[in-house]
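Participant: Okay, so the sequence shown: first residue is 6 according to the working numbering, each after it adds one.
By construction, these hints were calculated from the structure, which means they are not laboratory data.
The structure displayed is predicted, hence computed values, not measured ones.
Errors might be hidden in some of the hints.
As the list claims (entries may be wrong) - Simulated crosslink set (BS3-like; lysine-lysine; CA at most 27 Å straight-line):
#, residue 1, residue 2
1, K225, K278
2, K278, K288
3, K288, K225
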Amino acid sequence: MTALTATFADRTVSRVGYGALQLERLHDRRSEAVALLRRAVELGVDHVDTAEFYGFGFANDVIRETLRPEDGVLVVTKVGADPNPGGRLPLRPAQRPEQLRASVEDNLRSLGVDQLAVVNLRRLDSGPGLRPEGDQVVDLDDQLAAMIALRDEGKIGAIGLSSVTLDGLRRALPAGIACVQNAYSVVSRADEDMLRLCLAEGIPWVPYFPLGGAFPGLPKATDEPAVHAVAESLGVTPTQVGLAWLLHHAPNVLLIPGTADAAHLEDNVAAGKISFDAATLAKLDAIESRSSEISIG
6 MTALTATFAD RTVSRVGYGA LQLERLHDRR SEAVALLRRA VELGVDHVDT
56 AEFYGFGFAN DVIRETLRPE DGVLVVTKVG ADPNPGGRLP LRPAQRPEQL
106 RASVEDNLRS LGVDQLAVVN LRRLDSGPGL RPEGDQVVDL DDQLAAMIAL
156 RDEGKIGAIG LSSVTLDGLR RALPAGIACV QNAYSVVSRA DEDMLRLCLA
206 EGIPWVPYFP LGGAFPGLPK ATDEPAVHAV AESLGVTPTQ VGLAWLLHHA
256 PNVLLIPGTA DAAHLEDNVA AGKISFDAAT LAKLDAIESR SSEISIG
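Given only the sequences and the hints, what does the whole structure look like? Please build it.
Facilitator: Listed below in structure tokens is the structure:
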């Protein structure tokens, strides 16, 4: 059995949180989005990951309406991209220091708070997705200086990193890093050294795309025969096995699986209580890791 809680930004939180990206699928059913987030809180979720560019502000708006101070939910947001309605991708890079500051202000406004507890600086250095071009190629030190200034002003409480390289994390450590969000799953473990550095430094590792397969051509945990075999033997779903493996793999892993479906939400939270014996864990550990480096833009 894995530990069910961990420390994040000086708070004790459940290791299974909620990623708000999928709320946008309920854009035309707002009451369902609110009910889903309330259900997450009822299930013990106390760590929600969001961004102003999720659903062009819809996710933040639902969070503002739904969550109450007494819920004790740690809301983590991110900067480094802006909404791009009508574009081939729904977001575009926003890496310059003045854009990071503007994004912080946008998140403060849409969430209706005076301070953002944790803000992830979304770099574009690794993992599947956008790559910076032109004036969006910005030195990490310049970005960190902007983030530190925002922290000093009290607009943000702590700084995280997303889509960062191992060298970038090492450079950023003196700034005080609250978490790292990179693409990582049982089928895509290229950042293992970075996970281990985070573990040594006491930094939560919060994988996005925790089941792989975010874009065509990327491996999916739920396509693996070993994952299906374990799921069948335990009477759980392949998705739950993929999530549970992450929690067993390292004690600093926190999950933020997203869904727009209440039943899937319950399954995701229940994955935190799944136990693996040594043989089962070894079977999953033996799954081949493949690259998640697909550039889009």
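Participant: For each hint, tell me whether it holds in the structure or not.
Facilitator: Taking the hints in turn, this is what the structure says about them:
1. K225 - K278: holds, 22 Å
2. K278 - K288: With Cα atoms ~19 Å apart, K278 and K288 stay inside 27 Å; holds.
3. K288 - K225: Holds, at roughly 16 Å.
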